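Undergrad: Next come the chains, spelled out residue by residue.
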Amino acid sequence: MSETDTAKPEMSASTGAMIQIQGMHKWYGEFHVLKDINLNVAKGERIVICGPSGSGKSTMIRCINRLEEHQQGKIIVEGTELTDDVKHIDQIRREVGMVFQHFNLFPHLTVLENCIIALIWVRKMSRREAEEIGMKFLEKVKIPEQARKYPGQLSGGQQQRVAIARSLCMNPSIMLFDEPTSALDPEMIKEVLDTMIQLAESGMTMLCVTHEMGFAKTVANRVIFMDGGEIIEENEPEAFFSNPQHDRTKLFLSQIM
Amino acid sequence: MSADPLSGAAPAKAALWRRPVFRSTVFQVLLILGVVAIANYLFTNTLHNLEQRGISTGFGFLSMEAGFGILQTLIPYDETYTFGRTFLVGLLNTLLVSGLGIFLATLIGFVMGVARLSSNWLIARIATVYIEIFRNIPLLLQILFWYFAVLQPLPQPRQSLDLGGMFFLNNRGFYLPAPVFEAGFNLVWIALAIAVVVVFFMARWARRRQEETGQQFHTVYVSLAILFGLPLLVFLAAGTPLTWELPALKGFNFKGGVTIIPELMALLTALSIYTGAFIAEAVRSGILAVSHGQTEAAYAVGLRPSVTLRLVIIPQALRVIIPQLTSQFLNLTKNSSLATAVGYPDLVAVFAGTTLNQTGQAVEVIAMTMGVYLTISLTISTFMNWYNKKKQLVER
Amino acid sequence: MKKFVLTTTALALCAAVSTTAFAGATLNDVKKKGFVQCGVTTGLPGFSGPDEKGNWTGLDVDTCRAVAAAVFGDAQKVKFTPLTAKERFTALQSGEIDVLSRNTTWTLTRDSSLGLNFAGVNYYDGQGFLVSKNLGVKSALELDGASFCIQAGTTTELNLADYFRANGMSYTPITFDSSDETVKAFGAGRCDALTSDQSQLYALRIKLKNPGSAMVLPEIISKEPLGPVVRQGDDEWFNIVRWSLFAMLNAEEYGVTSKNVDKMAASSKDPNVLRLLGQSGIKGKGLGLSDTWAASIIKQVGNYGEMFERNVGQASALKISRGLNALWSKGGIQYAPPIR
Amino acid sequence: MNVQKQPGPDLPPPASSVGVIGWLRKNLFSSAPNTVLTLVAGYLIYITLVPAFQWAFLNADWVGDSREACDSGGACWVFVAVRFDQFMYGFYPEAEYWRINLAFGLLIALMVPLFIEKFSRKGMLAAFILIVYPVIAYYLFSGGAFGLVHVETSLWGGLSLTLVLAGVGIVAALPIGIVLALGRRSGMPIVRAVSVVFIEFWRGVPLITVLFMSSVMLPLFLPEGTHFDKLLRAMIGIVMFQSAYMAEVVRGGLQAIPKGQYEAAQALGLSYWKTMGLIVLPQALKLVIPGIVNTFIALFKDTTLVLIIGLFDLLATIQSAFSDPNWLGYSVEGYVFAAATFWIFCFSMSRYSQALERKLHTGHAR
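Residue numbers (this note's numbering), protein chains in the order written: chain A, 1 to 257; chain B, 258 to 653; chain C, 654 to 993; chain D, 994 to 1359.
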């Protein structure tokens, strides 16, 4: 597929990287879920992570904002190392937005309230200010008219767009997507992907766990293939899809294409 | 349906007895007749029986002198008061034990429900064991156990357990110092009232300020400081106008102070421990009903755990907990009628027991007693329906 | 559908139970059932209670047996319903039992507004106090401020209130449903004194862990004539119960006992005895009973004296002396109208 | 810029996160407050459980036939052992115990196939248990026919009475509950109103007043001279009370059946009763089995209330044994025995209902 017309950011070594993951390991009890993960993400880079289920994709990105705890190695986000320290965790979570497979909107709050809750309680904004920002992002995801409704009244695609707006309100420098479209009906996938493409075009640093290969080809700078808790292969999208190197990658691609 | 679908004419009318409307009308009329007939049958029988046996009827007995004493009365009462008064005394005693029981059971239930979900294995295990033991043993047995096996073997008044010279525990009850308000204490009450008003307005101001400027205010701490500090200052300024009346052994028993009779203690302990186990389960299921994704989403947008709990988890968990909680409150109130097994003078013991026996007017007395419980339970369930409707999640 | 269910239920109930529709028919009803249903205490030594084998014994129980003997000629044709003090009147009013013989005190209210009639007195009693010996109290007047264990729904409750009011003293009542609970609470020291009819105090004292540690105070603060009760409005049944009791008293007066009753019937020259045993005079006609109604009572249950001694007197664990309950001719007040 | 990596081997986790130490760290000492909590709780358990265990087992007396056998200072289980038969059978004649044993044995034997997955005639068997078995059990308990000696209900008692009351309560309440639940969901306003009033009335009053009413006042409502058994009257009270609760459980099940099921049944031309009887109720009842079991547990515990109206269930029998002058002062043992008995029944039933709930993936509370 075609290259996107945004400038390709430089692959920086360790300086200037938004996220640095070095030698990270994670275990669930005796089970070794993530093995020696090394990954650098530069500013503005858009990475798609794919792989069979249970390969540790979600776990890896959930480690980045400490929804999961890693046991070995380092995760550094914008120069802050992720440790037990609550202050560091708070700081990193403010910089990192996340969109979940099942949206995880707060069902007891309206769409707008979902968007502004963190602005009020974390950024300590006035309600009016927060609502302005909230509306701005709801407009951006093209559902300002739903602001006063409750999440339960929206379609899945609309809910996911609200979830994206909710994350954007916090003005994050990195966005994590954990299979954002896999719980949606086909006709809704497109509206969510469109929003994500729009976001990518605005220069947001993004890590997406997704099986939408079309999306990967359109927007990704890099595609990462994971299996068995390890990064098996990573490459530019075109090369990755046209010329996979590893057997497991080939097998995986043959199954989903 | 019409016989010939092609004719286009108005559908032909079915025979009367085949029409659903007719059938349901007939059925309902028959039902009403049946219910009325049965009610009438029971009513005439009762009237006939009462008349036949020369049993007095009507509510005149309520204004007759009762002539018996009651162990615990919240309002002035002695033998010269009427049966109407005994009704009131019993009712208030029921409300007392229910109110205290609801408070304690909720406390125990919330602590145990949260403890059961604790990450500390031992704490979670203790909570589980507590819940599984106490909710699977009949309440009556628990009441009897606390009364006959735990409280009665306590020492006699003269060998009371002395807790600091102010609190005494023996098999006649738990004796606490009673506050004696001297002149000038009224100022403290006034200060407290002012503090409440101040805190109320402060909370409003803080909320508004936050909405306008985003600045947050330590409402909780400041409120507590005002609520306790202001009355305390006034209290000290007025020259500490409060003394404590200590219970002391005089004659056969302790006199003075506040007494919690063992009947109340046993009933209260059993009711709150038993109901607490059910509430703990409700709390646990409520918290579990909020999916883990909600917490993750809240963390992901940067909310701190305490804020997450307050704004995201609790409001959603309460939707599940409150209906179960109200029905437990209702059960507790109804179960307080087991008071009669240990001689606590509640409504059933005093009114449906002694009063019924002295007057012999079973129908009136039992009707009044059931009426009270029905009123309580209908009030609570009306509230619950209202709450459910209000809090129902809006969905497509 | 529901109506159908309800009517069938109602029909089923009507079919399942025996029904007699007219007042004054207790006797017919009892005869039809084949037994007398008698309400007794849930257990009070000497008055009523089941022994280890489940047989009911006691003074109140024997009073009922006498009625059964009069009606059926068989003192065993009686069934017992144990009742708490609270339940007893409702049970009688509602027709659950035919006669209530449950050490119940005869009072004006109970006679008039409860729709009941007392058929006589099988035990003259009075309310007293049981206290622990180490309390050091010698008289009830020293009990100001004490707490009392009482049984709910009894005249005891009212008498206690009256007595303390009259003497200007204060007290705390602790009211239980059954006498078992009162004695248990007293034994544990929940109250300073247990108050009840004196006869019961002796009976309840046996149930203490250490009966010797408690004593009965001398005061008797009330009159407690105890006797069998029937529903108002059935004079025939009322007479039967009343005269069953009188027959036993008369028998004692004339020296007729369960041992000599047959001999007396055959050979006595005393016209009083002959009339009592149905050998002459009105016999059983007036009561609607067989001629030997009184003879069967005496033969199977005994005369009043025998009944008394066996259950509460010297032959029992209670060892209560006859006192007021001796015959009028022997210094007591038990007095039965003549049978003629 | 292709980067490749060969898969590495699974490594063992760091020692501090697994094994006994890892478990302890994670579950007991994960933070300072947690450590304090653990230590305090551990101490509390130590000071309560150890003496309780010593009292109940180490220092207890188990054998003997009089109170003289109890001299070790611990629990006197002899008291329970001596009275065990009475606790189980009440005053039922000893020679006839086999009838009670047979009745319960038969019931258990009949119930076993219900728990076997492969058994295909569960419906038939359940119907047999609900309809035919009660008749058999009645004659076994009561006698008076087939050459069995008649045993009056006033002699029934102990655990067997508790079970009879709870069993009758649940079996009789089920059909009434179903009718009431259907009534409450009916489209006919009057039917609905009557059901609602009935259900709310019984749910709003305490069982003890219901029992009191049925035990002494019922004859007042019926024609003069109507007699029936005290136990039967207690049962009527319990059944009325229970059917209201049962109705709410069944209603939960009915609500859980998707509308499509009703529509599909009607599309097939089934009448109301056929729709209910053939399509909706079988599904709904299966859904609410856990709820029914829970109601049964509640009822089982509630049967203890009959002691207040003078019936001798397990608790009342034990309670009455306390006043035996030869055995005064062993009430704790009696209560503990009663509690343990009730607990075993209730706990195993509640576990069963939880397992069912998991299996059916549905709660009964709706």
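Don't read these hints as lab results, they were simulated from the structure. As the structure is a computational prediction, the values presented were derived from the model and not from experiment. Among the hints, a few may not be true.
Unchecked claim - Subject to a maximum C-alpha distance of 30 Å in a straight line, what follows is the list of computed DSSO-like cross-link-like pairs (lysine-lysine): (1) B/K512 <-> C/K791; (2) A/K140 <-> A/K250; (3) C/K936 <-> C/K922; (4) C/K732 <-> C/K786; (5) B/K646 <-> D/K1252; (6) D/K1252 <-> A/K149; (7) A/K136 <-> B/K591; (8) B/K648 <-> D/K1111; (9) A/K142 <-> B/K512; (10) A/K149 <-> B/K648; (11) C/K922 <-> C/K938; (12) C/K732 <-> C/K922; (13) D/K1279 <-> B/K646.
Said to hold, decoys possible - Just a few of them, taken from the derived set where beta-carbon distance is under 7 Å, the chain B residues facing chain D: (14) T363; (15) I394; (16) L397; (17) F438; (18) G513; (19) T516; (20) S634.
What the hints assert, rightly or not - Take a look, some chain D residues computed to stay more than 12 Å from chain C by CB distance: (21) L1133; (22) S1208; (23) P1216.
Note that CB positions come from ideal geometry on N, CA and C, so glycine has one too.
Undergrad: Determine for every hint whether it applies to the structure shown.
TA: Status of each hint after checking the structure:
Between B/K512 and C/K791, the direct Cα distance comes to roughly 23 Å. Compliance with the 30 Å bound is thereby established for this hinted pair. In summary, the hint linking A/K140 to A/K250 is not supported, as the alpha carbons are separated by about 38 Å, beyond the 30 Å threshold. Restraint check: the Cα-Cα separation between C/K936 and C/K922 comes to about 17 Å, which is no more than 30 Å; the hinted pair holds. As the CA atoms of C/K732 and C/K786 are separated by approximately 40 Å, the hinted pair breaks the 30 Å bound.
For the suggested pair B/K646 and D/K1252, the alpha carbons sit about 22 Å apart, so the restraint of at most 30 Å is met. Between the alpha carbons of D/K1252 and A/K149 the distance comes to roughly 27 Å, so the proposed pair stays at or under 30 Å and holds. Between A/K136 and B/K591 the alpha-carbon distance is near 55 Å, which puts this suggested pair outside the 30 Å criterion. For the hint pairing B/K648 with D/K1111, the CA-to-CA distance comes to about 44 Å; that exceeds 30 Å, so the pair is violated.
Distance hint between A/K142 and B/K512 is unfulfilled; the C-alpha atoms sit about 76 Å from each other, more than 30 Å. Only pairs whose Cα atoms come within 30 Å are accepted, and A/K149 paired with B/K648 is accepted, the gap being roughly 15 Å. Distance hint between C/K922 and C/K938 is fulfilled; the C-alpha atoms sit about 22 Å from each other, no more than 30 Å. Only pairs whose Cα atoms come within 30 Å are accepted, and C/K732 paired with C/K922 is rejected, the gap being roughly 37 Å.
For the proposed pair D/K1279 and B/K646, the alpha carbon gap of about 29 Å is at most 30 Å, so the pair holds. The closest approach between the C-beta of B/T363 and any C-beta of chain D is roughly 19 Å, which is over the 7 Å cut-off, so the hint fails. Evaluation of the B/I394 hint against chain D yields a held restraint, the C-beta minimum of about 5 Å falling below 7 Å. The interface hint given for B/L397 holds, since its Cβ lies 4 Å from the closest Cβ of chain D, which is under the 7 Å cut-off.
At its closest, the beta carbon of B/F438 sits 38 Å from a beta carbon of chain D; the interface hint therefore is violated under the 7 Å criterion. Hint status for B/G513: violated, given a least beta-carbon distance of 32 Å to chain D, over 7 Å. The interface hint given for B/T516 is broken, as the beta carbon of that residue sits about 25 Å from the closest beta carbon of chain D, more than 7 Å. Interface hint at B/S634: satisfied, since its Cβ lies 4 Å from the closest Cβ of chain D, which is below the 7 Å cut-off.
For D/L1133, the condition that its CB be more than 12 Å from all CB atoms of chain C holds, with the nearest at approximately 20 Å. Its beta-carbon lying about 7 Å from the closest one in chain C, D/S1208 breaks the requirement of being farther than 12 Å from that chain. D/P1216, annotated as away from the interface, has a beta carbon of chain C within 12 Å; the closest lies near 5 Å.
Hint compliance for this structure: hints 2, 4, 7, 8, 9, 12, 14, 17, 18, 19, 22 and 23 are broken, all remaining hints hold.
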